[in-house]
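*Asks:* So you can see what is in the structure, the chains are spelled out below.
Protein chains: 2
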Amino acid sequence: MNFTSKVLEEAVESLASLPSIGKKSALRLALHLINDNNEKSIRISKALDKLSSEITYCKQCHSVSDDEICKICASHSRNPKVVCVVESIRDVMAIEDTGQFNGVYHVLGGIISPIEGIGPEDINIETLINRIKSGAVNELIMAISPTIEGDTTIYYINKKIEKEDVVISTIARGVSFGGELEYADELTLGRSIATRIPFNNR
Amino acid sequence: MNFTSKVLEEAVESLASLPSIGKKSALRLALHLINDNNEKSIRISKALDKLSSEITYCKQCHSVSDDEICKICASHSRNPKVVCVVESIRDVMAIEDTGQFNGVYHVLGGIISPIEGIGPEDINIETLINRIKSGAVNELIMAISPTIEGDTTIYYINKKIEKEDVVISTIARGVSFGGELEYADELTLGRSIATRIPFNNR
Chain A
1 MNFTSKVLEE
11 AVESLASLPS
21 IGKKSALRLA
31 LHLINDNNEK
41 SIRISKALDK
51 LSSEITYCKQ
61 CHSVSDDEIC
71 KICASHSRNP
81 KVVCVVESIR
91 DVMAIEDTGQ
101 FNGVYHVLGG
111 IISPIEGIGP
121 EDINIETLIN
131 RIKSGAVNEL
141 IMAISPTIEG
151 DTTIYYINKK
161 IEKEDVVIST
171 IARGVSFGGE
181 LEYADELTLG
191 RSIATRIPFN
201 NR
Chain B
1 MNFTSKVLEE
11 AVESLASLPS
21 IGKKSALRLA
31 LHLINDNNEK
41 SIRISKALDK
51 LSSEITYCKQ
61 CHSVSDDEIC
71 KICASHSRNP
81 KVVCVVESIR
91 DVMAIEDTGQ
101 FNGVYHVLGG
111 IISPIEGIGP
121 EDINIETLIN
131 RIKSGAVNEL
141 IMAISPTIEG
151 DTTIYYINKK
161 IEKEDVVIST
171 IARGVSFGGE
181 LEYADELTLG
191 RSIATRIPFN
201 NR
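Heads up: the protein sequence lines correspond to chains A and B, in order.
Quick note on this note's numbering: the first sequence kicks off at 1 and runs consecutively.
Quick note on this note's numbering: the second sequence kicks off at 1 and runs consecutively.
So that you can see chain A by itself, here it is in the shape it has in the complex (with noise of 0.2 Å):
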């Protein structure tokens, strides 16, 4: 690309750094910036060098978090006995916007994946089985991918956490509401008539 402003090449480059924005978005987006009176421009400046120096994790749960410990973990209203382990932090807000949860999270930031040489020291593991075994903790529930390696994950957290007095469930897995049985991966369908649930406990 031949850029008639270095400012507005440097603008470019650094937004084409983002994860799926190539070149061309990156130039219609600043060149929309550009037109739009500096204002947008200066608000995500803003925001951003606000999201380099102030954002922080929540001690207790990993999630981002303004303070030392986050909203969640903090309020009162919340059951503290009842954890959900997530990958990330996207799991937690997906979860919140589901308004069916009213425990406290545990994200994991990553799961184990020996292909991608993550280990169990790699991610949220330790923290969570030392709030287990400081007793704080009656319920974990599993919101992990089922995936073959969030399944490793949830074994080896499992395996970890035996001996201590914590009821462990992971989140049901079958069809979706509204897909079509058809559609349905063989996997999904086949596991989701194996581990059927009585008619009267839905």
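Everything labelled a hint here was simulated from the structure, so no lab data went into it.
Please note: incorrect hints may appear among the correct ones.
Unchecked claim - Pair by pair, the computed Cβ-Cβ distance ranges are:
id, chain 1, residue 1, chain 2, residue 2, range
1, A, D36, B, G135, 55 to 63 Å
2, B, L181, A, G22, 51 to 59 Å
3, A, N35, B, T195, 53 to 61 Å
4, B, L187, A, N35, 26 to 34 Å
5, B, L187, A, D36, 28 to 36 Å
6, B, L187, A, G117, 49 to 57 Å
Small disclaimer: the values here were computed from a predicted structure and weren't measured.
We treat Cβ as the ideally placed atom computed from N, Cα and C, and that holds for glycine.
Assemble chain B onto chain A, guided by the hints.
*Replies:* Only chain B this time, still in chain A's reference frame:
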């Protein structure tokens, strides 16, 4: 979306104000930036800050520029007598990328579009006419999109300067190089037959 951090929320909101970036993409970008040890966010923040404070438009051709007169207009190796008229800065960059043009540009900043309420006075036509009337231009190449609005704009400019001593041309329109005839649209194919050029002229 339920955010556990105000700082993250503001970053997501600001990124989502960009075109074609929804809230979910913005969240993905923000979390990517958090995971990236802040280097990228600082770089983007600085680049956009500069973009809002330092960018300016070339007084002559209205392209983005770091100075009063852009690199292209200021260059001694370019022919200032040949002016290529384009709709946007993106077109300048696209033509520069071809390496086939050695003149200078005039960026209209839009095209005449009565439906969108854009008239001749809303785009940089007056300064173009002044450039031509000052006698500084020998040839005008209209590199405007071949749409109704584009043709209207070309026609309008043509009318305004028909008494001036300047050669006007439009970029060639026809089937794309490497394109297959059967996939070209009827209008393009029909026009490219009507405006066929002698074989030796290629």
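*Asks:* All hints, please: hold or fail.
*Replies:* Consistency of the hints with the structure:
With their beta carbons about 37 Å apart, D36 of chain A and G135 of chain B fall outside the hinted range of 55 to 63 Å. The hint said 51 to 59 Å for the Cβ distance between L181 of chain B and G22 of chain A, and at roughly 30 Å that hint is violated. With their beta carbons about 34 Å apart, N35 of chain A and T195 of chain B fall outside the hinted range of 53 to 61 Å. Between L187 of chain B and N35 of chain A the beta carbons are some 30 Å apart, a value that agrees with the proposed interval 26 to 34 Å.
As the Cβ distance of L187 of chain B to D36 of chain A is approximately 34 Å, the hint placing it in 28 to 36 Å holds. Checked against the given bound of 49 to 57 Å, the beta carbons of L187 of chain B and G117 of chain A, roughly 56 Å apart, stay inside it.
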